[in-house]
Structures are given as C-alpha cells and as structure tokens.
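Visitor: Below, each chain spelled out in residue letters.
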Amino acid sequence: MTVPSSAEGDTLSKSLINAAAPPRTFLARFQRWEWMLVGLIVIVVALNTALSPYFLDAQNLSRTSSDFMEMGIMMLAMVFIIITGGIDLSVASNLGMCASFMGWLFMAGVDIWIAALAALALGTFAGFVNGTLVARMKLPPLVVTLGTYAFYRGVAYVLLGDQAARGYPEAFTYIGQGKLLGTLLPFSVALFGVLAVVFGLVLHKTTFGRYLFAIGNNENASVYSGVPVARIKVIIFTVSGFMAALAGLVLAARFGSTRPDIGNGLELSVITAAVLGGVDINGGAGTMSGAVLSLFLIGLLRFGMGLLNIQGQVQGVVIGLLLILSILLPNVAHTFSGSGRKLQRHSLWAIIAFVVVFIAFVAFFFWSREAVLIK
Amino acid sequence: MSAQTAPRPHRLRAIARFREAGISIFILILGALVALRAPAFLTMTNFKDILLNISILSIVALAQAMVIITHGIDLSVSSMIGLVAMMVAFVMKQSPEFPVITVVLLGMALGAALGALNGVVISYGKVPPIIATLGTLSIYRGMVFFYSQGTWINSFELPRSFKLLSKGTPLGLPNMVIIALVFAALVYFFLNYTRTGRDIYAVGSNPEAAQMAGIRRQRVVFLVYLLSGLASGLAAVLWASRFESAQTNTALGFELQTVAAAVVGGVSISGGVGTVPGVLLGALLLGLIENALPLVRISPFWQLAAQGLLILIAVVVDNLIARSAKGK
Amino acid sequence: MTDYCLELKDITKRFSTVEVLHGVPFNLRPGEVHALLGENGAGKSTLIKVITGVHQPDGGEIVLNGERVHFNDPRESREAGIAAIYQELSLFPDLDVAENIFVGRQPTTRGGLIHWRKLYAEAGKLLASLGVRLDLKQKARHLSIAQQQMVEIARAFSLHARILIMDEPTSSLTLNEVADLFRLVRRLRDEGTAIIFISHRLEELFELADRVTVLRDGYYVGTHPLSEVTRDDLIRLMVGRTISNLFPKQDVPAGDVALKVENLSYPGVFENISFELRKGEILGMAGLVGAGRTDVARAIFGVTPPTSGSIQVAGQPVQINSPQEAIRLGLAYVPEDRQAHGLIPPMSITANLSLVVLEQCARHGWLQDKVECDKAFNAARQMEVRASHIWQKARELSGGNQQKVVLAKWLETKPRILILDEPTRGIDVGTKAAVHALMSKLAAEGMAILMISSELPEVLGMSDRILVMREGRMTAHFTRAEATQEKIISAATQSVSAGDVQ
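Chains as they are written, first to last, in this note's numbering: chain E, 137 to 511; chain R, -15 to 312; chain H, 125 to 626.
Careful, some of the hints might be misleading.
Dumping the calculated DSS-like pairs for lysine-lysine here, alpha-carbon to alpha-carbon at most 30 angstroms [unchecked claim]:
| no. | chain 1 | residue 1 | chain 2 | residue 2 |
| --- | --- | --- | --- | --- |
| 1 | H | K373 | H | K611 |
| 2 | E | K341 | H | K517 |
| 3 | H | K261 | H | K242 |
| 4 | E | K274 | H | K611 |
| 5 | E | K341 | H | K494 |
| 6 | E | K274 | E | K315 |
| 7 | H | K384 | H | K538 |
| 8 | H | K517 | H | K499 |
| 9 | E | K341 | H | K538 |
| 10 | E | K341 | H | K499 |
| 11 | H | K538 | H | K517 |
| 12 | H | K538 | H | K499 |
| 13 | R | K147 | E | K274 |
| 14 | H | K249 | H | K261 |
| 15 | R | K110 | H | K517 |
| 16 | H | K538 | H | K494 |
| 17 | R | K77 | R | K151 |
| 18 | R | K110 | R | K32 |
| 19 | H | K499 | H | K565 |
| 20 | H | K611 | H | K384 |
| 21 | H | K517 | H | K494 |
Note that these hints are calculated values from the structure, not bench results.
Kindly generate the complete structure, drawing on both the sequences and the hints.
Guide: Encoded structure:
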C-alpha cells in the first residue's frame, strides 16, 4: 500500500478559502423551524375559522392576544437565559411576588405608580439575586431558581395572605386592558411588540447577543476567550427579573386585582413557548422570531380550543404533546434514517411490550371512566 | 508504586458524610427550639402527625432522587399522582368491594405505565428530561380533567376499607408510615446491593464511561423514570386514601417538594451523588418545618418561603464546603 | 494464518464526511505485545475503539479467533474477551476506587446482592499485585491523574481478558510505576494474553513490544518485528520524513524580560514556580501529563488565579484575575484541549475568529458584519485555513485546521506573550511543520513564547530554554545546549531531588 504525503491528504476535499462569502441574509436565517411554525399557525387559523364563526373576529383576536402577553414578556428574557444553557424557573413566582408587593403597597396607601416602580425594582433585585447565585457562586441554575421559585412565591403569600389587593385606578389598569388610541391594538401587545424587536436585535445584532450564543455553545471556551461570562449571566438573570416584574404589572392591571397565586405555573408555559420556538434547551441555538411565532401559535391554539369549549387544562395536553413531539420527531427521524442500524430482536420485543402496555392503559382509561360518568 | 500520597482521605470522606450529619444536627436544633416555644411539639401524637405527613413525600422523593442521580429530573410526578389518584378513586367508587391490596397494585401499575412513557421519550427518544417531563406534567394533568370531566370523588363515595389503607394502625404505626419505611428499605437495598442500583450511580457519574464499561445506559435511564411513575402510583393510592378524595388539582405543585427534599437531602443535581438516608432526612426537615410553623404561631404562609430558603441554603452550603475542601 | 487471535481486514472509518481510517489491516497473536505507533491523529485511538465496539467500522471486517464478529457496543467486545484502557480516563468520579474497578460486574452473593466485602477484598488483592497503595474507599474524584491511571489499569487487568488494549497507559506515570507496570504486562503476556500497546515513548516499545504496526494519517504504513527496526526507522515510518527539518527554530537574540513569574503557587496543584520569559524566546515546559504545567498556564492567564506568588508583565507587577485582564495585558493562550477550551465547535469559523476581538468588529455594541467578515477572512487566509467558506462550522474542520483557527484567533489580539499548550497535539504532519515555522517567525518578530509540550523532540527542537516540572514542582532548567532527552525524562519522572532548581 502506498502512503500519500500528508499535504495531499489534507487537500483531498478542502481548499483554501477563496472569497469572503457575504453573511447570510435575513431570509436565509429564517430557518426551517420558523417556516414550520408559520405553517402550523396557518393550519390552526384555517381549522379554527372553519370550526367557529367567532374565531376571525377582530375584537376577539385583540382580546385574546392580550391574554398571553405576560407570558411573552417573560419569554423574551427566558430566551436569552436558555440560549446560554441556563433556565429560570422563578419567573412566575417573581411575577407573583412583585404584583403582590405592588398590591400590598397600594393597599397601604402608596400611590399606584410609586408602588409599580417599587415592584419593578424588587423584581430586578430578585433577578440579580438569581444571577449572583448562578454566576458568582457557580450553582446550577435549575436548583437556584427552584429555590427562589418557592421563596418568591412564598413572599407573595406572606405579603397578601389570603387577601386580594384590588381597586387599582383606571389609569393603571390601562396597561393590561387598554387599547392604543383609536385602534383595536391592546397596549400590552404594543408593549410586547416593541420589547420583542429590542430583544431580537440585541440577540442577533450585537456583541452581547453573540456572547450569549458563545456561552451556550461552549462556556469554557468562552471563558478562555475573555468573554465576561459571569457578568453576562448576572445581567440576563437581572433582566429576567425585571421582565417578570413588568409582566406582573401587566397581569395585575389586566385582572384589576392581585392575589398571591397570580400567574402560578406560568413559568412552564414560558419555557414551553421558548423551546417550541426552536430555542435549544441545552443552549447555543435559537432565534427570537421562532420564539415569538411559537408564542402566537400557542395563543391561537388555546383561543381556538377555548371557542370549542375545551377546558384550559385539557388544552394543556395539546400544548404538552406539541412540545415533546417538536423534539422527539426529529430525533426519531434521525435515528432511523442515519446509521441504518438493524432493529434487534430484543428491541423489537421491547417495542411490542411497550405498545401493549400503552394500549392496555388507554383501554383501562376509557373503560373505568365510562362506567362512572354514565351513572 | 509507592509514594502516591493520597490527599487526606479521611477529611474528604468526612465531608461526604457531612450532609447527613449536618441535616440531623439542623433538625435537632430546630426541634429543640420549637419544643421550647411549643411543648405540644414533643408529643407522640405530633410525631405521628409528622411521620404521616412525610410518608407520601418520602416515597416520591426517593424515586425523584434516583432520577436526579442519573442527571435527570421528573417534573411530572405531581400530575401522575393526580391522574392515578383519580382513576383509582373512580374504580373504588364503581366497585367498592374491590380488595384494597389489588387497588394498591393497580395504582402502581398505572403509575408505572405513565412513567414508562416518560422513560421511553427520554431514554430512547433522547428528549431532554426537563422538556419531556414538563410536557407530560401538563399532559397528565390535562388527562385528569378529561378523565373526570371536572368532577371529583368525595369521602362518602369511597369505601371504608380504602380510607383505612393509609390510616389504619394494625401494626402500631399507621399503615402509610410502614409502607413508606418498607419502600425506603427496598430502595436502599436496590441502590446499594444490586448491580442495577449501582449502575444508576455510574450512569449519573460518567455516562460515556458507563457505556464503555458495558452498562446499558438507555435501559437504566428508562428504568428510573418507570420507577418514578411506579412510586407516584403508590403515592397516589395513599393520597386518595389519606385525604379521602380525588380532585382535579390533587398534588398540584407537589413536584417541587419532591425535588426540594432530594436536593436538601444531598442529592446532587449534576448526578452521581445521593443517599436514601439523606433523602429521608430532607423529607423530614421539610415536614418538620410544615409542622412547626403553626405551633410557634408563624403564619403558615411562610411555609413556601421557608422551603425555598432551605433549598438555597442547602446548595450554597454544599458549594462552600466543596470549595474549601478543594482549596486546601 | 490461524495463529492470529485477532485480525482486522481493511478497516475503514468515517466521522460524518471525514475518513479517519483508510483500509487499515492489523493482526495480533496470543502471547505477544504488539505496539501501535503513529503521531497524534494518525488513527490509533479510533482503531482501538473499532476493536472494542465503541465505534462501528464503515468498511472491512474483524476476525476474532477465526470467526467474523461485529460489536455493537463495548459490552459485546468485553464478553468476547477484549479489555481496554482508553486514553481519556473513564472513571466514575462519584464511585470509590474499589467499585470503579468492578463497575457493572460487582461480585454478588448467591442471592444476587452485591457482596461488598468480597469486592473490597478482591480490589485490595488486585491493587497489591499491581504494587499500588490506594485507599479503596476513596472517591475517584479525589485521585491524582497517576492514581486514576492505576485504577484504570487495575480495572482492565481484573477482566482477565485474552486481549488487552492499553492506549498510552504510561503518559502520567513515573519511572518506577512504569517499571512495575511492565513487569505485569510481561507476566500477562507469558500467560498467553495478547496485548496491544500504544505509547509515544519509543524506548518503551523497544523494551516491551514484540512487533510494531505504524499508522500515518489514517493509513497503514507497515508492520515490523521490533528486533528488525531501529529508532530512526520508526520515526521515519511514523513521520514520513526525517526529523531534522521539522523543528526550524532560528536563533534570535533574546530581548527584554516580557514575563516574570515568581513563587507562583496553588496548593495541591503546583508550588513555587518561578521563571523569566524574554522577547524573541521560546521557553519549553516539559513534564508528564498531570505534572501541573497546564495549571501554571491557566493561573498565569487568569482562568484559575494562583493563591500566592507574583507576576510581572514587561517589568510591571500585575494581578491577573480573569482572561479578560490577561488579554488586555497582551497575553494569549492557546489551550491544550481544542474542543473544550479553544474553539466553539458548533459556531462558524468567522464567529470563532472574531470572538476575542469582537469589540473591534462592533460600533457601540452593534456588530458590523462587513468588518467582522473581512477580519475573519484575512485571518483565515493568512493562516491558510482550509475550508469551503468562512461560514463553515468549526467542528467540520480537521484537527490541523481547527488548530490553525485557534492560533489565528489569538494572533488577532496581537499578543506580546503567547502561551502554547501542546500546540501540535493531534494534528497532521504538514500542519505541524507549519505551526513550528509560525512559532519561529513570531519569536523572530519579538514575541515571547511559552510552549508546553509532551513531545520531547518538539521541546528539544523548538525551545531556547527548557523547564521541567514534576508533581507540581519545577525540577530542572536546561539551556538548549545542555538539554538531552535522557536528562529531561529523568527530571520529569524521578522524585524531586533536594532543593528546587533556580
């Protein structure tokens, strides 16, 4: 056998770079997943329009879109955090704490706007605490924000107990209920739109955004390359805290009152929207446009199901399935197309066993249910 | 190959043990303080109360700990409990003569089936655990609503034998406490005296090396989620029996407590580390706080905040100890 | 023909589009030590991972004891009697020493429960037979690299395999430990075990091995009995050219002191490190893997700041607490582990090249695509990076081209002090020569270079002066004229003699 010289070996496929290829355009960056989301949105709109005459109604669409703006506001910062490979489970609790704090101050006679500013400051500080614990003490974000998830919600209960703060002035409830002058566009949607553009630009067009991707793809290499990793993490958690407080104000304004359980469980919807939007939960990949599209997909889906009298909790089944399938299907396709590995006998039996169990469960599920419900 | 000076093994091992000793001391101090303020704390009835309260938590937290040891997380436990509790309660309402022991087995089987779905999606479908169980958290909860059509099962609809399953005391202690103790003992033996149990630690400690050492990694990961479902199923039966009802919001938010008990008990969220006694102590500490707050006249609204603070203290203290051990 | 216990025929292996093994044959007889030789990146590790079933070959066949086999995973090869010690350590940090040895096959009682007493007894016996003294209940996390290596070896031995593969088992062992290991290997060989042995230390091969197979750039070069070849033959086979023109460091008059380090310490890792580095000079740092050289470099660069000691840059005392500060002071660090610390593999060449100088590609924080592109293009062009375009992902490049990207990225910062950690590990010969030429050129332009390398020929050929470290201490300091391979090896592997050098 002859041995080619190494220089030849290296030129086999690649040559020197010849020209500085232009950076890809926006449309090229609008990757496959975003188009998929657009397609899904079109399908949802078409289906719902066919099923319910109330779906394509401007008033309804306007009202329903303001229903998930709190979620969207928190999602913008969550996208930053997830892209660095982190997670913030405490956002909804922080929202609850800030809204409760504002309500508590308001009930104590403080002016609503001062109370709102104080709530924003509190939320920002709460985010800063998360960021400091994660970045400076190098603790896993999942545990830190799980701890503050309980703690911040706990503070909300301590502040308001089983009371509700209510009676906010109309000038304040405008944030959550009002529409821009002479249009059907809710104020909260406009607010979200502006913020989404800002966050999108920061993510995709600034050095800060580039650093977020670098950290998410390889945190160690980013440290070695002089990226201020700790500072950036503190910043994004602090921003997340601010956004949670802002979402709290919007939600309290929309409800016109605050109870300590306000926004409970919203963190999961926020993470779902980000991940369904193509943001990689392991960090390093994702686009703001994808996240925003998936937010609207979820919103429209829920609205449509609501019109069809499907309960909110049952709607969760569809959203949960969508979340899992969006990651599962590509993985399964990859496994079966890639290596062309032969299915082994024992794995075939395992699949059969699993299918049998699954069918048995479903059968029992319906059988045991019918018997009682019919009575 | 002489002269390899091992870096002070005794101190390092002492640190590993620190966690259990640390919580034990913390529990004792807390207990003493509470007892000073409220003598009612030191009564037999109160102890029994605490044990009763943490039995269900211990069972699910132990399963959660196994999942976390493999570097995973199961957020769906609360929904699995809610769904299985509802299904079991429906069965009991429909056929009250059903033997109680078969109901326990049925609950465990239903839970295991739900856990198996998590396991397949995570181990073979390669969906990150947090995403998969976040999804099933809302899927299973939605199924509770769909299943019951929003209705719930009340105490009078359940047979007496079923209610006694958790509270009866034929052996001196309430059945539920005994079931939890037996479960803990089984998990202890499984984790420490079987190869599969050790494989759980190996997979969490170094997944690639586990594969190279011939451990079937996917199977181990699948198994822990299956067990988590099974434990949730058991917990669901006990839950329905203890609270004599099944509601659509049964165990809502319970997943947090299970993770908290595990983390406070020294299970490392990055995998590979955790012990059964640690998790039990973690659950005990959470139960103690829940029990003590009203006794010392602190508003129960502080409970959640205290839990959160406890998690934060646990990870911060761990981290400081690990750092000082490395710096020396 | 049938006296082979293992025979590989025309093994081909691709990773995505890159073919790393091109039809390699290999055979092994029972009771022989068969050395596998080649430069880093020649495909040795891939070949053994094909044998053990970690990777599946894309072409060719494996014949074990006359039967064609196909291993889907390492368990199947282990059941067939093949055990391996991989180059990257594969211990379980949270399990103790004894369990690490027996993981996945702990001895059990008749009832199927793990027999812990037996496990510790057997582990103790095994380590004693290896001459190692370790606390059996120590967690692997707390072991030194050499100790971890011994546990790996113990694990492989405990399998009683008929074929034992050892991928660089000696890279972090001292001479005494190596001698003990060799005694054991010979004993196993005499008992009929077939052993595949990989090492970069040619002396070891002559001492231990019966035959040698040489690979180069994924191609099979040849198999020879060691009694029929000389050291120089092996180098020529392995490198494909004579060694003299590989190391072209020119003599440059050394300038002012660029970096001065005094009594740098990080307890438990390294102690009292002091040296000076002058402009135009290449200072080589030799030692075993795990001797603390990389830790010193990381300390100087601010990744893990030292606990005591002082650093002067260009005569000014400085505190370096983070890589940002180091970069500002004109330092650059090309790390040892390209994938983990040097590159961001999933990102484009452009993004990698601009990462350290991103502020220069932006106005008030807003990225200027054109500036970034031009910068990246010029840098890639200058370094002769071979890729289809500058938007290609870094992970799709070959090892040599990845290293070029890392070098280009750091040269963009126009450093005055360049720290190179294993600059030619795992790259092809052509790139290696290019890197050496570049180092020489940079030194001639007045850059001060600190080079950490485990390849002695590289250290000897490139360095003006050479420091040797062992177990966190400096044990020797040679000028180029004084240094010989033997002196360096002895300083790197023998116990610290009375009083540190300098």
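Visitor: If a hint holds in the structure, say so; if it does not, say that too.
Guide: Quick rundown of the hints versus the structure:
1. With a CA separation close to 21 angstroms, the supplied pair K373 (chain H) and K611 (chain H) stays within the 30 angstroms bound.
2. Restraint check for K341 (chain E) and K517 (chain H): the C-alpha separation of about 19 angstroms stays at or below 30 angstroms, so the hint holds.
3. Restraint check for K261 (chain H) and K242 (chain H): the C-alpha separation of about 14 angstroms stays at or below 30 angstroms, so the hint holds.
4. Between K274 (chain E) and K611 (chain H), the direct Cα distance comes to roughly 43 angstroms. Violation of the 30 angstroms bound is thereby established for this hinted pair.
5. For the hint linking K341 (chain E) to K494 (chain H), the alpha-carbon distance of about 13 angstroms falls within 30 angstroms, and the restraint holds.
6. Using a Cα cut-off of 30 angstroms, the hinted pair K274 (chain E) and K315 (chain E) is violated, with the two alpha carbons roughly 44 angstroms apart.
7. Under the criterion of a C-alpha separation no larger than 30 angstroms, the hint pairing K384 (chain H) with K538 (chain H) is consistent with the structure, at around 20 angstroms.
8. Pair hint K517 (chain H) plus K499 (chain H) holds up; C-alpha atoms about 17 angstroms apart against a cutoff of 30 angstroms.
9. This hinted pair checks out: K341 (chain E) and K538 (chain H) have alpha carbons roughly 26 angstroms apart, not beyond 30 angstroms.
10. Proximity of K341 (chain E) to K499 (chain H) is assessed by CA-CA distance (about 17 angstroms); at most 30 angstroms being required, the pair is judged to hold.
11. Distance hint between K538 (chain H) and K517 (chain H) is fulfilled; the C-alpha atoms sit about 24 angstroms from each other, no more than 30 angstroms.
12. Distance hint between K538 (chain H) and K499 (chain H) is fulfilled; the C-alpha atoms sit about 13 angstroms from each other, no more than 30 angstroms.
13. A threshold of 30 angstroms between alpha carbons decides the hint, and for K147 (chain R) with K274 (chain E) the separation of about 47 angstroms lies outside it, so the pair is violated.
14. Taking the CA atoms of K249 (chain H) and K261 (chain H), the gap is about 14 angstroms. The hint holds against a cut of 30 angstroms.
15. Between K110 (chain R) and K517 (chain H) the CA atoms are separated by roughly 24 angstroms; this keeps the pair inside 30 angstroms, and the hint holds.
16. Simply put, K538 (chain H) and K494 (chain H) have alpha-carbon atoms about 21 angstroms apart, close enough for the 30 angstroms limit, and the pair holds.
17. With a C-alpha separation of about 19 angstroms, the suggested pair K77 (chain R) and K151 (chain R) falls inside the 30 angstroms cut-off, and the hint holds.
18. Simply put, K110 (chain R) and K32 (chain R) have alpha-carbon atoms about 43 angstroms apart, too far for the 30 angstroms limit, and the pair is violated.
19. Using a Cα cut-off of 30 angstroms, the hinted pair K499 (chain H) and K565 (chain H) holds, with the two alpha carbons roughly 21 angstroms apart.
20. The hinted pair formed by K611 (chain H) and K384 (chain H) meets the criterion: a straight-line CA distance of about 25 angstroms does not exceed 30 angstroms.
21. Of the pairs offered as hints, the one joining K517 (chain H) and K494 (chain H) holds, with about 19 angstroms between alpha carbons and a cut-off of 30 angstroms not exceeded.
Of the numbered hints stated above, those contradicted by the structure are hints 4, 6, 13, 18, listed in ascending order.
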